[in-house]
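K.L.:
Residue numbers (this note's numbering), protein chains in the order written: chain A, 1 to 355; chain B, 1 to 242.
I should point out that these hints are in silico values taken from the structure, not numbers from a laboratory. There could be a bad hint or two in this list.
As the list claims (entries may be wrong) - DMTMM-like mimics (lysine to aspartate or glutamate), calculated; alpha carbons at most 20 Å apart, straight line:
1) A/307 <-> A/282
2) A/235 <-> A/282
3) A/162 <-> B/129
4) B/80 <-> B/148
5) A/270 <-> B/188
6) A/59 <-> B/129
7) B/169 <-> A/127
8) B/169 <-> A/269
9) A/114 <-> B/218
10) A/72 <-> A/214
11) A/341 <-> A/214
12) A/256 <-> B/218
13) B/146 <-> B/73
14) B/93 <-> B/218
15) B/195 <-> B/89
16) B/93 <-> B/153
17) A/58 <-> A/43
18) A/229 <-> A/326
19) A/315 <-> A/268
20) B/169 <-> A/268
21) A/235 <-> A/161
22) B/240 <-> B/188
23) B/183 <-> B/76
24) A/328 <-> A/312
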Amino acid sequence: MKRAKQNEDSKKSDCPCIACVVYCSLWVHPGESVFQYIKKDVELKIPIGFPQPLYDLKKNKITPAGFILGRKLFYDPILSKDYFTSCASCHQRFAAFAHIDHALSHGMLGQFGKRNVPALQNLIWKDAYMADGGINHLDLQPLAPLTSPIEMGESVAGVLEKLRNDSLYPGMFNKAFGSDEINSERLLKSLSQFLALMISSNSPYDKYLEGKMEFSSQELNGLKLFRSKCETCHKEPLFTDNSYRNIGLKPDTSLKDSGRAAITGVNEDKMKFKVPSLRNVEVSYPYMHDGRFRNLKEVMNHYADGKFFTPDFDKSIEKAVGLSEDDKSDLIAFLKTLTDKTFLMDRRFADPAMK
Amino acid sequence: MIHWLRFSVLALVFFFSWNTLYSQANFSIRFEHAVGTEALILDSLQYKNVLGQNFTVSKFKYYVSNFRLKRNDGKEEFSKEVFLINEEDSGSKHFLLKDIPAGKYASVQFTLGVDSILNCSGVQSGALDPVNGMFWTWNTGYIFLKLEGKSPESTANGNIFEYHIGGYKTPANCIRQVILTLKERDSEISEISIKADVAEIFKNTVALDLAKLNSVTDFHNAEMVADNYSKMFSILEESKAK
Numbered sequence: 001m002k003r004a005k006q007n008e009d010s011k012k013s014d015c016p017c018i019a020c021v022v023y024c025s026l027w028v029h030p031g032e033s034v035f036q037y038i039k040k041d042v043e044l045k046i047p048i049g050f051p052q053p054l055y056d057l058k059k060n061k062i063t064p065a066g067f068i069l070g071r072k073l074f075y076d077p078i079l080s081k082d083y084f085t086s087c088a089s090c091h092q093r094f095a096a097f098a099h100i101d102h103a104l105s106h107g108m109l110g111q112f113g114k115r116n117v118p119a120l121q122n123l124i125w126k127d128a129y130m131a132d133g134g135i136n137h138l139d140l141q142p143l144a145p146l147t148s149p150i151e152m153g154e155s156v157a158g159v160l161e162k163l164r165n166d167s168l169y170p171g172m173f174n175k176a177f178g179s180d181e182i183n184s185e186r187l188l189k190s191l192s193q194f195l196a197l198m199i200s201s202n203s204p205y206d207k208y209l210e211g212k213m214e215f216s217s218q219e220l221n222g223l224k225l226f227r228s229k230c231e232t233c234h235k236e237p238l239f240t241d242n243s244y245r246n247i248g249l250k251p252d253t254s255l256k257d258s259g260r261a262a263i264t265g266v267n268e269d270k271m272k273f274k275v276p277s278l279r280n281v282e283v284s285y286p287y288m289h290d291g292r293f294r295n296l297k298e299v300m301n302h303y304a305d306g307k308f309f310t311p312d313f314d315k316s317i318e319k320a321v322g323l324s325e326d327d328k329s330d331l332i333a334f335l336k337t338l339t340d341k342t343f344l345m346d347r348r349f350a351d352p353a354m355k
Numbered sequence: 001m002i003h004w005l006r007f008s009v010l011a012l013v014f015f016f017s018w019n020t021l022y023s024q025a026n027f028s029i030r031f032e033h034a035v036g037t038e039a040l041i042l043d044s045l046q047y048k049n050v051l052g053q054n055f056t057v058s059k060f061k062y063y064v065s066n067f068r069l070k071r072n073d074g075k076e077e078f079s080k081e082v083f084l085i086n087e088e089d090s091g092s093k094h095f096l097l098k099d100i101p102a103g104k105y106a107s108v109q110f111t112l113g114v115d116s117i118l119n120c121s122g123v124q125s126g127a128l129d130p131v132n133g134m135f136w137t138w139n140t141g142y143i144f145l146k147l148e149g150k151s152p153e154s155t156a157n158g159n160i161f162e163y164h165i166g167g168y169k170t171p172a173n174c175i176r177q178v179i180l181t182l183k184e185r186d187s188e189i190s191e192i193s194i195k196a197d198v199a200e201i202f203k204n205t206v207a208l209d210l211a212k213l214n215s216v217t218d219f220h221n222a223e224m225v226a227d228n229y230s231k232m233f234s235i236l237e238e239s240k241a242k
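Starting from the given sequences, assemble the full structure and let the hints guide the process.
P.N.:
This is how it looks when you write it as structure tokens:
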């Protein structure tokens, strides 16, 4: 008798946590069997054909409460000094979390950043972040925009203070981590939980590989061209080999971005940039580290024209020189099969303030 | 009866843990900051570097870790703890090494900086929490030492100078090992005081010219400054165990 009572009590203590999760997900996905939904919602499924992730999820187990906290943080301008810029101001969901139509990122007070905002996807398969690979761990990536004077302009201490004084956050940290202590580790790990699940693996290309979808003859030809001319660097299925390469872009004399060399200090690394994934490339324009190309046609022209600047460009791009107009259209048609509507419309990643 | 048994087991456990704690009387380390023969006082005092250039210091912070105390018989005591020493926070200049007992020691060794593995392990707490401002966000890694101040010789805005030294891999590996020999080899000691002399950072092997070098905040010149600061420590005092 006594024992039964005890069990009931311990169940009760879990209740508020579950209730919150239930509540939060209820208005995200009304109607589904809630408990089931939550469990599988934050479950990491490694897509067929993908390698093992490089990010160690054992050290940061994704939980519904941690994910929901990370999402709130991602969309909350409280993280910036002017209470105006959130992660999502630069990383827009419909653009695969890139920033559509902005060559260089816009930060606080209308200041320009140095680089184009990249798509955020399949981040747990990356060995380093940023176009120069300067950041070696996903947990540490958000510190760069948070503390950059031209991005969010805050200090880590400042952000933590604001979160501690907020009416909702201490409760959410409690649910995610078991006490309402708010520290850098918890802040960054909850953001990582949110970012880790941004997985794009359900594009027409993926369905084609699984035999669930047919390609048009144009798309098929595009894929064939891609595999013979682009695959060295944009390696399937992630469409990057995580290396740094110089593709002969003309150095921008005002930005003076030396790319990988800024990190390694090695002269040969000048103008080398991390090979970006091409998943969702259709919706994450403009292109390249500085957003110099407005559309895919301009990118194809760069490769096809063969006017490569800096003599030490990577010779494997020469395979693409001389692509015909038809080849370019076919390649673009293929690249568009990488647009993953499931990912772009995934409501788990939507702004929680928008119902 | 069962209660009794439980109680005595508890008492035993308590006794043993207390006992081991007690017998491992912690070794205590104290850092004292100076500029040559004068004590370091932030902002207010003027000092001169080896080139005769005036300067004041506004910030002096560094990481020490991996303390090793070598016993007379060659055996070593080791603690992998990391400490952030900050002139602004006097409490940070005195700490206990939990894993190291009092004893007869011949030398003390420590890492000035943070091991490469800790530079690659994602976010951490305590001394290594990025909130402490000793972390590079654009090129992952800890800043091992920060020395900031002003000098009329500096051509930077506000006449400031800023040395932020770090890096655990090429092109700048600034992790340095410091080894200091102890004098009181034959008596049990439980505390040492170590002097960190800011004047040494400017002096040896390369004399730093504040008119030319007012900022080191990435790999450029970092190893040169690290080589200098690795020589700034000396033993002030060795205190006997009570």
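K.L.:
Decide, hint by hint, whether the structure agrees.
P.N.:
Here is how each hint holds up against the structure:
1. Of the pairs offered as hints, the one joining residue 307 of chain A and residue 282 of chain A is violated, with about 24 Å between alpha carbons and a cut-off of 20 Å exceeded.
2. For the hint pairing residue 235 of chain A with residue 282 of chain A, the CA-to-CA distance comes to about 18 Å; that is within 20 Å, so the pair holds.
3. For the given pair, residue 162 of chain A sits about 18 Å from residue 129 of chain B by alpha-carbon distance, which is consistent with the 20 Å threshold.
4. Between the alpha carbons of residue 80 of chain B and residue 148 of chain B the distance comes to roughly 28 Å, so the proposed pair goes past 20 Å and is violated.
5. With a CA separation close to 57 Å, the supplied pair residue 270 of chain A and residue 188 of chain B exceeds the 20 Å bound.
6. As the CA atoms of residue 59 of chain A and residue 129 of chain B are separated by approximately 16 Å, the hinted pair is consistent with the 20 Å bound.
7. Pair hint residue 169 of chain B plus residue 127 of chain A holds up; C-alpha atoms about 16 Å apart against a cutoff of 20 Å.
8. Simply put, residue 169 of chain B and residue 269 of chain A have alpha-carbon atoms about 16 Å apart, close enough for the 20 Å limit, and the pair holds.
9. Among the hinted pairs, residue 114 of chain A with residue 218 of chain B is consistent with the structure: their alpha-carbon atoms are about 18 Å apart, no more than 20 Å.
10. This hinted pair does not check out: residue 72 of chain A and residue 214 of chain A have alpha carbons roughly 39 Å apart, beyond 20 Å.
11. Distance check on the hinted pair: residue 341 of chain A and residue 214 of chain A sit about 17 Å apart at the alpha-carbon level, within 20 Å; holds.
12. Restraint check for residue 256 of chain A and residue 218 of chain B: the C-alpha separation of about 17 Å stays at or below 20 Å, so the hint holds.
13. A distance of roughly 37 Å separates the Cα atoms of residue 146 of chain B and residue 73 of chain B; the hinted pair therefore is violated under the 20 Å criterion.
14. Restraint check: the Cα-Cα separation between residue 93 of chain B and residue 218 of chain B comes to about 26 Å, which exceeds 20 Å; the hinted pair is violated.
15. As the CA atoms of residue 195 of chain B and residue 89 of chain B are separated by approximately 16 Å, the hinted pair is consistent with the 20 Å bound.
16. Among the hinted pairs, residue 93 of chain B with residue 153 of chain B is inconsistent with the structure: their alpha-carbon atoms are about 30 Å apart, more than 20 Å.
17. For the hint pairing residue 58 of chain A with residue 43 of chain A, the CA-to-CA distance comes to about 13 Å; that is within 20 Å, so the pair holds.
18. For the proposed pair residue 229 of chain A and residue 326 of chain A, the alpha carbon gap of about 15 Å is at most 20 Å, so the pair holds.
19. Proposed proximity of residue 315 of chain A and residue 268 of chain A is supported: the alpha carbons are some 14 Å apart, at most 20 Å.
20. Between residue 169 of chain B and residue 268 of chain A, the direct Cα distance comes to roughly 17 Å. Compliance with the 20 Å bound is thereby established for this hinted pair.
21. Of the pairs offered as hints, the one joining residue 235 of chain A and residue 161 of chain A is violated, with about 43 Å between alpha carbons and a cut-off of 20 Å exceeded.
22. A threshold of 20 Å between alpha carbons decides the hint, and for residue 240 of chain B with residue 188 of chain B the separation of about 6 Å falls inside it, so the pair holds.
23. Only pairs whose Cα atoms come within 20 Å are accepted, and residue 183 of chain B paired with residue 76 of chain B is accepted, the gap being roughly 17 Å.
24. Taking the CA atoms of residue 328 of chain A and residue 312 of chain A, the gap is about 25 Å. The hint is violated against a cut of 20 Å.
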